[in-house]
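Okay, so the sequence shown: first residue is 1 according to the working numbering, each after it adds one.
One or more hints might be untrue.
Stated by the list, open to error - Derived lysine-lysine pairs resembling DSS-like cross-links, with alpha carbons at most 27 angstroms apart:
id : residue 1 : residue 2
1  : K159      : K320
2  : K267      : K159
3  : K62       : K159
4  : K159      : K209
5  : K275      : K320
6  : K10       : K209
7  : K65       : K209
8  : K133      : K10
9  : K62       : K133
10 : K99       : K65
11 : K116      : K99
12 : K133      : K209
These aren't lab readings, by the way, just hints derived from the structure by calculation.
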Amino acid sequence: MTSNFIDYVKINLRSGRGGSGSSHFRREKHVPKGGPDGGDGGRGGHIYLVGSTQLWTLIHLKYQKHIIADSGNGGEGGRRSGSEGEDVFIQVPLGTIVKNAETNEFIAEVTEEGQKILVLPGGRGGLGNHNFKSSTNQSPRHAQPGEAGLDVWVVMELKVLADVGLVGFPNAGKSTLLSVLSAATPEIADYPFTTLVPQLGVVEYRDEKSFVVADIPGIIEGASEGKGLGLRFLRHIERNSILCFLIPSDAENWGEEYRILTGELEKYNPELLGKRRVIVVSKMDLSIPEMEEEMRESLPKDIPVLLISSVTQEGIQELKDLLWTTLLDENKDFGKIKEAPVLLDLPVVNPMADEMMEDPEALD
1 MTSNFIDYVK
11 INLRSGRGGS
21 GSSHFRREKH
31 VPKGGPDGGD
41 GGRGGHIYLV
51 GSTQLWTLIH
61 LKYQKHIIAD
71 SGNGGEGGRR
81 SGSEGEDVFI
91 QVPLGTIVKN
101 AETNEFIAEV
111 TEEGQKILVL
121 PGGRGGLGNH
131 NFKSSTNQSP
141 RHAQPGEAGL
151 DVWVVMELKV
161 LADVGLVGFP
171 NAGKSTLLSV
181 LSAATPEIAD
191 YPFTTLVPQL
201 GVVEYRDEKS
211 FVVADIPGII
221 EGASEGKGLG
231 LRFLRHIERN
241 SILCFLIPSD
251 AENWGEEYRI
261 LTGELEKYNP
271 ELLGKRRVIV
281 VSKMDLSIPE
291 MEEEMRESLP
301 KDIPVLLISS
311 VTQEGIQELK
321 DLLWTTLLDE
331 NKDFGKIKEA
341 PVLLDLPVVN
351 PMADEMMEDP
361 EALD
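Construct the complete structure from the given sequences, taking the supplied hints into account.
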């Protein structure tokens with residue numbers, strides 16, 4: 001099965017070179033050199049990241065190996081400054097992290113709609129010769145060249161931002177639960193790994209409140225070592241406020257399943273176990289009431305345990321209540337109304353796109 005979900009790209013970013021200052025001299029009647037009046041060069045184009053809720057993947061950047069901003073124009077006579085290079089705005093989904101590809105150094109993180117982050121500044125424009133005039137040098141013949149822009153390979157990595165992350169083995173019922181809790185329509189089938197990409201759903205709660213739930217692709221024993229879907233989707237769990245562990249009622253050993261799941265998270269990143277947790281036993285329509293006490297006894301006593309059935313809707317409202325109160329306990333400001341963000345309608349701009357398509361080797 002193929003997917004349009006791309007959560008990792010490597011791109012070369014190049015900000016624009018600053019324009020050179022002008023060494024122009026004013027020409028006046030009867031005065032061969034009326035004085036230096038060369039203008040300053042314009043700065044090179046910046047490269048920005050812009051957060052967009054309209055994007056859920058980095059696929060629009062998959063085939064862009066080079067993103068290059070324009071250079072600034074040189075200064076002119078009459079102390080006219082050169083124009084600035086056109087800036088580049090790269091729209092990315094919320095949860096995008098940018099790192100230096102060579103040093104792995106953190107550069108930026110986009111978490112809000114309309115958020116604009118300067119990733120790579122353009123080079124400064126050079127100074128025109130009028131800036132160098134002094135009492136001892138009335139006619140400077142030199143001007144300052146523009147600064148070169150920055151050139152760096154970066155890695156853009158998407159980590160899903162959600163309030164609740166659904167964690168469980170394949171066929172634990174995560175996709176079915178997400179489809180019941182929200183309007184999301186993930187693929188549902190009776191075989192493992194039907195979910196190959198993280199799925200997000202908005203859960204409508206009481207009084208027009210809501211929260212976001214993410215269905216993280218199934219974990220198996222050894223996932224932290226790259227088995228199954230491996231590390232690719234374990235990292236998405238890092239960005240969830242709380243974790244909801246799903247264990248099916250028809251599991252051979254409920255407590256052992258939970259232990260394996262938490263063990264894989266701990267091997268990947270021990271800090272994940274510091275997140276608030278909720279345990280949900282799913283598929284209770286396939287179980288019998290006499291087994292409920294045994295299920296609860298096998299699971300931790302210090303973590304809330306809820307028994308549900310997505311098919312019959314048993315316990316679904318109670319689960320919404322539990323998730324909501326847990327989110328409030330985790331973040332006291334969670335339920336407060338936030339001011340609407342400033343939305344920026346900025347296109348993904350690549351001034352060199354046409355040149356790249358015609359002659360990609362010309363950029364190297």
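Pair hint outcome, K275 versus K320 [Cα-Cα no greater than 27 angstroms]: It holds: about 18 angstroms lies between the C-alpha atoms, which stays within 27 angstroms.
Distance restraint between K62 and K159, which requires alpha-carbon spacing of 27 angstroms or less: The given pair, whose Cα atoms are some 16 angstroms apart, holds under the 27 angstroms limit.
Pair hint K116 and K99, alpha-carbon separation not exceeding 27 angstroms: holds, 17 angstroms
Going straight from one Cα to the other, do K159 and K209 come out at no more than 27 angstroms? holds, 24 angstroms
Hint consistency between K267 and K159 [alpha-carbon to alpha-carbon, up to 27 angstroms]: holds, 18 angstroms
Would the pair K159 and K320 pass a check requiring their Cα atoms to be no farther apart than 27 angstroms? holds, 24 angstroms
Straight-line Cα separation of K99 and K65 no greater than 27 angstroms? Answer holds: K99 to K65 is near 16 angstroms, not above 27 angstroms.
Going straight from one Cα to the other, do K65 and K209 come out at no more than 27 angstroms? This hinted pair is violated, its Cα atoms lying about 41 angstroms apart.
For the pair supplied as a hint, K133 and K10, is the alpha-carbon distance within the 27 angstroms limit? violated, 47 angstroms
Take the C-alpha atoms of K10 and K209, compute the straight-line distance between them, and say whether it is at most 27 angstroms. violated, 38 angstroms
Pair hint K62 and K133, alpha-carbon separation not exceeding 27 angstroms: violated, 50 angstroms
Tell me if the straight-line CA distance from K133 to K209 falls inside 27 angstroms. Since the Cα atoms of K133 and K209 sit roughly 65 angstroms apart, the hinted pair is violated (cutoff 27 angstroms).
Checked against the numbered hints given earlier, the structure breaks hints 6, 7, 8, 9, 12 and satisfies all the rest.
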